[in-house]
Amino acid sequence: MNRPNRYLRFSLPRRIEHWLQTASFTLLAITGLPQRYMDSQISQSLITWLGGIETVRIIHRISAVLLMLLVVYHLGAAIYHWVVDRGRLTMLPSLVDLRAGWQTLRHNLGMIKEKPKQGFYTFEEKAEYWGLVWGTIIMILTGFFLWNPITAARFLPGEWIPAAKAAHGGEALLAVLFILTWHFYHVLIRHYNPSMFTGYLSRKDMEKFHPLAIEQEASKVSLPKNHPAYQRRRRVFFIAYGILATVMLGIIYLFVAAEQTAQSPEIIPDLQGIEIFSPLTPTPFPEAASPLAVYQGETWDEPIGEMHASRCGDCHNIQNAQSNLDLTSYQGALRGGDSGPAIIPGASGVSLSIVWQTGHDHPGVWSPLEIAVIRAWIDNNAPEN
Amino acid sequence: MTSFAHLQHFNINITSNKMIGNSKFLALKFNRLLIISIAFILVIILLFFLQFNPSSATPILQTLPPTPEPMLAVEMGDDECLECHQTPDMILPLSNGEQLYLTVNPDQYAFSIHGREGYACVQCHTDITGFPHPEVDFETAREFSIQMAESCANCHPQENEIYLEGDHAKTLQEGEENSAVCSDCHGSHQITEFGNTRYQVAKMCQQCHSEIYDVYRDSVHGAALIEEYDSFVPTCVDCHSNHSNAGPEERPEFHLGSIRICADCHTDDDLMNIYDINTDVFDTYLADFHGTTVAIFERTSPDQPTNKAVCIDCHGAHDIRSPDDVQSSVIKQNLITTCQRCHPEATINFPDSWLHHYTPDIEQNRIVFLVNLFYKIFVPGMVGGALLFILTYVWRDIKDKRNIVSVGGENESP
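In order, the protein sequence lines correspond to chains G and F. Just so you know, we're using my numbering here: the first sequence kicks off at 218 and counts up by one. Just so you know, we're using my numbering here: the second sequence kicks off at 3 and counts up by one.
Extracted from the complex, chain G is given alone in its bound form (with noise of 0.2 Å):
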């Protein structure tokens, strides 16, 4: 209670509350901003630490179902403030804020003498309460988007959902940077406040920050709670805020079970059905023991192209020939590359596609019988069909 020497700022609830809200938030930022910036090694022993990205992910769900609880919590302690106790709304923003905050400014930089004399919040920390306020419904939006995606693509544009990521991340980042550097530098650093854990402030601090609240507690009345007119308020709130609050929590139900969103796949859809082993014919017996070969009707077109552009094809084709030879085609091998002609028919002796595979610093591809059969159809003038 408010003794003479110090002043109650948060009761026990508003600091479980903001005890949770912390809780939730790191919880938040520390499973989110990995899954953003995953290619730093931060964020990788971050997760492995966690216990994998699906862990991590859980927890993430986990602690935004936390967060919009406290949501629907303080929704309904703002709004018990404001109707029961016909409390004042020292958190709402006005124009005063904005002018304190610039004489603050000036004050800082030596152009006036005087600091603004500020109330219950002073602007610092309405700036941050509004603040995670927009960003809390931002989160919120963009997270069922990305929670419930192809729930949101029944509605809106398929594109919104990449939006509503880049959306979460980049709140996310403003989020935790706004924390760590303005919320950090004013209740921890700048001036040590003890109130959201003891939840009392010093008389003289609150004399010193926040003068206007105590002139205006002075003037403040509120019925006693045994009052029949509390009691009518106390029923009319919690009925209506119990319809609110059962529509906000399905809401979050909505969130959590809309839809599951991916369901494994069948593993490489195209072999379905398919025989990994599937052997061509029964291994044939390998070629009969005599190279000699007779021409038997060979031409280019069966079977003397198909083996040129299936052996030597890779390094000479149309597209890559090497030495400027193409000898996926009989005009090609016919016109032949830097060397002369692969093929001169009539002429097996002679022809550089029988020279360069024998004794030649070439890859050999042909086996002697398959010489053999080239250099019989070459010796018949090498028919192209």
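The hints are simulated quantities; they were obtained by calculation from the structure and are not laboratory data. Keep in mind that a hint or two might mislead.
The list that follows gives simulated cross-link-like pairs (lysine to any residue, SDA-like), each with its CA atoms no further than 20 Å apart [unchecked claim]:
id : chain 1 : residue 1 : chain 2 : residue 2
1  : G       : Lys332    : F       : Lys403
2  : G       : Lys343    : G       : Arg407
3  : F       : Lys310    : G       : Arg278
4  : G       : Lys334    : G       : His408
What follows is a set of in silico ranges between Cβ atoms, one per label pair, in the way DEER data are often shown [stated by the list, open to error]:
id : chain 1 : residue 1 : chain 2 : residue 2 : range
5  : G       : Glu519    : F       : Ser212    : 21 to 29 Å
6  : F       : Arg368    : G       : Leu229    : 44 to 52 Å
7  : G       : Ser439    : F       : Thr349    : 53 to 61 Å
8  : G       : Pro374    : F       : Asp305    : 31 to 39 Å
9  : G       : Gly563    : F       : Leu84     : 31 to 39 Å
10 : G       : Thr272    : F       : Gln209    : 40 to 48 Å
11 : F       : Gly387    : G       : Tyr470    : 37 to 45 Å
12 : G       : Leu312    : F       : Phe376    : 24 to 32 Å
13 : F       : Lys403    : G       : Tyr470    : 51 to 59 Å
14 : F       : Thr349    : G       : Arg278    : 31 to 39 Å
15 : F       : Glu347    : G       : Leu466    : 46 to 54 Å
In this text the structure is predicted, and so the values were computed from the model without any measurement. By construction, the Cβ of each residue, glycine as well, lies at the ideal position given by its N, Cα and C atoms.
Add chain F to chain G, keeping to what the hints say.
Relative to the frame of chain G, chain F by itself:
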């Protein structure tokens, strides 16, 4: 105990803060705390703004170590073997009714790498020391091939070690005797040092995997290789590797790792120029939903199976087609069906939640581009503004403290 000590520490801090301004020592401590805190905050901000590059792709095909020297001390010359084995159509009937072909073509062997390097028959056929040969200890021709493969390991231990990591070795050990051994791919008496061309590789794999070959032949890669002899498109071993061959059937990590296989070629500017294909496909994939998760999996738990889509899940693997092909699984009119394979409830707007491999700009994915642009300005604007404002408080506090100290000093000196 510890928590209690912690609380006590807090109390001390609270009281010490109250006494600031009375004591120079505490003021100094306070200043240091201030500087350290600001430095800490700045470091954290820096860390989050830093951009990290995705690690580069790893090579897929192993390069083979040099072949060892021939073993020279041979007790039995080839002439001795050929006396019998040159005979045409020499056949050994096996107990299961199969016939083992025993004729060797001396010219063919002489042309092979082993023949030209002067290796003798008995260096591979190590159980033969003369005639008569030892009792046949295999019942099928297949068993004989599997036995003979052990000979290869004698001279090619590194290749064998890599082979043992592969799926062929794995399924062979599990009892699948059709699983390929050395000679199934390399041949036996006719091995050359040149290996197989990319076309021949596909033809060779077809010997055992003809149904997959048929699917592959109709794909954009297969058609280019088989019909146009295009040597830049992937043949079987480019994706599945050669000796340590692998596939998703046997290893979940292959599924995850397959993105690097595709990226290997599809991020290569020189190579993709030939076909006029965009090389941003990998980076845009990594930036999108599936890719981000897959990349996290890849880095933190590569061996854990994931249901997040990789390249082949949408594009197909053996049956991959050009995205302009009407049969392509990713052409606009087929995309929703492809999405529904994993997201059965997806409706017509859903495919657009994927950015189609585009980097958001003012033309493509304008909303995403604008949101990104907004936060690129909004975040530094807000945080920078907050920091500047904080600096003015720091400035004020330092000035005020100096005044107090100097006033105090004047009071003490007289």
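Against the structure, the hints come out as follows:
1. This hinted pair checks out: Lys332 of chain G and Lys403 of chain F have alpha carbons roughly 16 Å apart, not beyond 20 Å.
2. Our distance criterion of 20 Å between C-alpha atoms is met by Lys343 of chain G and Arg407 of chain G, whose separation comes to about 17 Å.
3. Annotation: proposed proximity of Lys310 of chain F to Arg278 of chain G holds, straight-line Cα distance about 18 Å (limit 20 Å).
4. Proposed proximity of Lys334 of chain G and His408 of chain G is supported: the alpha carbons are some 17 Å apart, at most 20 Å.
5. A C-beta distance of roughly 22 Å is found between Glu519 of chain G and Ser212 of chain F, which places it inside the suggested range of 21 to 29 Å.
6. Roughly 50 Å separates the CB atoms of Arg368 of chain F and Leu229 of chain G, a value that falls within the hinted 44 to 52 Å.
7. Separation of Ser439 of chain G from Thr349 of chain F is about 54 Å and conforms to the stated range, judged on CB atoms against 53 to 61 Å.
8. Between Pro374 of chain G and Asp305 of chain F the C-beta distance comes to about 38 Å, which sits within the given range of 31 to 39 Å.
9. A beta carbon spacing of about 36 Å between Gly563 of chain G and Leu84 of chain F agrees with the range 31 to 39 Å that was offered as a hint.
10. Distance hint check for Thr272 of chain G and Gln209 of chain F: the Cβ-Cβ separation is about 46 Å, which falls inside the suggested range of 40 to 48 Å.
11. For Gly387 of chain F and Tyr470 of chain G, the hinted distance range of 37 to 45 Å is satisfied, since their beta carbons lie about 39 Å from each other.
12. Between Leu312 of chain G and Phe376 of chain F, the C-beta spacing of about 26 Å keeps the proposed range 24 to 32 Å intact.
13. Between Lys403 of chain F and Tyr470 of chain G the C-beta distance comes to about 54 Å, which sits within the given range of 51 to 59 Å.
14. For the pair Thr349 of chain F and Arg278 of chain G, the beta carbons lie near 24 Å from each other, so the given range of 31 to 39 Å is not met.
15. At roughly 24 Å, the beta carbons of Glu347 of chain F and Leu466 of chain G sit outside the given window of 46 to 54 Å.
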